[in-house]
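A.B. asks: From first to last, the protein sequence lines stand for chains A and B.
Reminder that position 129 of the first sequence reads as 129 in our numbering, one-by-one numbering, no gaps.
So the number in our numbering is just where the residue sits in the second sequence, counting from 1, plus 274.
Please keep in mind that the hints were generated in silico from the structure rather than gathered at the bench.
All C-beta atoms in this analysis are idealised placements derived from N, C-alpha and C, irrespective of residue type, glycine included.
Errors might be hidden in some of the hints.
[What the hints assert, rightly or not] Incomplete in silico selection of chain A near chain B, CB under 7 Å:
(1) Lys104
(2) Pro108
(3) Ala201
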Amino acid sequence: MFKNRKFLMFMLLSVLSVLVLAACGGGDKESKDKDSGAKSKSSLETIKANDKIVWGVKNDTKLFGLKNPSTGEIEGFDVDIAKELTKIILGDETKVEFKEVTSKTRIPMLNNGDIDSIIATMTISKERRKEVDFTDVYFEAGQSLLVKKGSKIKSIDDLDSKTKVIAVKGSTSAINIREKAPDAQVLEFENYAEAFTALKAGQGDVLTTDDSILYGMASQDNNFELVGGKFTEEPYGIAMKKGSDDFVKAVNDALAELKSNGKYNEIHDKWIKK
Amino acid sequence: MLDFTILTDNMGMFLEGFKNTLIVSLLALIGSFILGTLIAVFRIAPIKPLNWIGTIYVEFFRNIPLLIILFFIFIGLPVLGIRFSGFQAGTIALTVYTAAFIAEAIRAGVLSVHKGQTEAARSSGLTYIQTMRYIILPQAIKIVIPPLGNQFLNLVKNSSILTIVAAGELMYQGDLISSRTFVTFDVYIFIALFYLIITLPLSYGINRLEKSLAKSN
C-alpha cells in the first residue's frame, strides 16, 4: 500500500512538472506575441534607432553563406547582398551584424528577436508566408539532384522505392521530393555539410536541394554532378517578422536599386558560375 | 497552452518514432549489458592481457563523445567498405558507448565486496569461478543495480542523438514535425512525454528491483 502511494506521488510529480513546463511555454509565447505586436509598428524605426541590422545567414552553405576558416568571416552571395542592402538602408555597410542560422532555427530566431531579418537561401512558400513576411524574390533557384558520376540516376523519374534520397531537415526540398517521388526513401540530415558527407559515404544514392547549393558541392568535389535539371521553382526571399511592412518595403526598394545599378549582377556573377 | 492538434495531426510520425526509440533502446540495453559484463570480467580477471584490453576499451569509449562514435560508425566505416544504416549505426554506437559505463559500474560493485570474502572462499577450496558465482556476484549485484539503472536511463535519453544520422527515432520525427509546422516548443514537449513513457516505468522497475534485492539481505 505504502509503496503504491509513493509510486502515485512520483507519477503525479512528474506529470505536474511537465504541465508547469508547458505553462511556462505558453506564457513565453504570449509575451513574444505581445512583443512583436509592439515592435511591428516601427520595425524600421527600431532598426534605425539601433543603427544596425542583424541578418540571419547560413554559415555552412558554399556560395551563399560559408564561414571562411582563415578569417572567421562568413562569405557568400547572401552576405554580400545583405551588406549592400544595409549600405542603402543605413548608409554604411559596416552597420551590419551576421548571426548563424540553420533551416531549423531561422524562423524561431526571427520571432524571438535574435535577428532582424533572414537572408539564408530561404524559399518563399505559402506555409512560410503564414509565419513571416517576405520581400521580393532576390534569387531564382530550382530543386535538382546531385549524384556520384556514373550513377544510374539520370532524372527524378529514376527515383524508386530502392532509392535513398538525402535531404536537409526543415528544407522545402525535403517536402517537395516526397511529392515528386513518393516511393523513394527520404533521409533528412541536420545541414548541407552532413548531408553531403552522407552522400559521399554512400549512405544515400542522391542528394536533393536547390541547384544553387548543389553547384557549390559539385565545385568542391568533382566526383559528383547535377542531373535532371530543375524540377521545381524555388524563389529565394528575405524574411522579416510578420507585420514589418515598412522594413519589407525598404528592403524591396533597396533591392530594386541594386538591380538597376548593376551591383546585383556583379555579386551574382562573383558567386554563381554555371 | 499546448497545441494538441500538432500531436493528433502527426500521431503516425510520433508513434513511428516512439517505436524506433523503444527498439533501439531495448537492443542497445541488452547488447550493452552483455558487452559491459564481458568487459568488466576482462578488467577484473586475474589475467594481465585481458585487463589491458578491458582498460583500453573502457578508457577509449568512455572518454570520447557519443556523437563522434556515432559519426565514425555511420560515415567513417563505409570508407572501409562496412556500411550500416542510420538505425543500425545508432544501435551499435549506443551499445559500445554504454557498455563502457556498465563495465565500470559492475567492476566497482565487484571490487566493493570485501577482499576477505574472496580469501575465505578460496581457502575453503572454491575455484575462482565458483568464488565469483556463489560468493562475490550475489553481493555485488545489489550494489550495482542503482548505477546500472542510471546507465539504462541515460541510454534511452542518449538515443535522441541518433536524429543526426536519420535513424527515424523519436527525436528525428520530432525534428521533422517541428521543421514542417514551426511549432518547435510544443513538439519538444510531446517528445519529452513520449520519452517519459519509456523512462518512468524503467525507473520504477529499477527501484522495485533494488528494494526486493535489499529485502533478501
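A.B. asks: Next step is simple, just say for each hint if it's right about the structure.
C.D. replies: Okay, the hints, checked on the actual structure:
1. Lys104: holds (5 Å)
2. Pro108: holds (6 Å)
3. Ala201: holds (4 Å)
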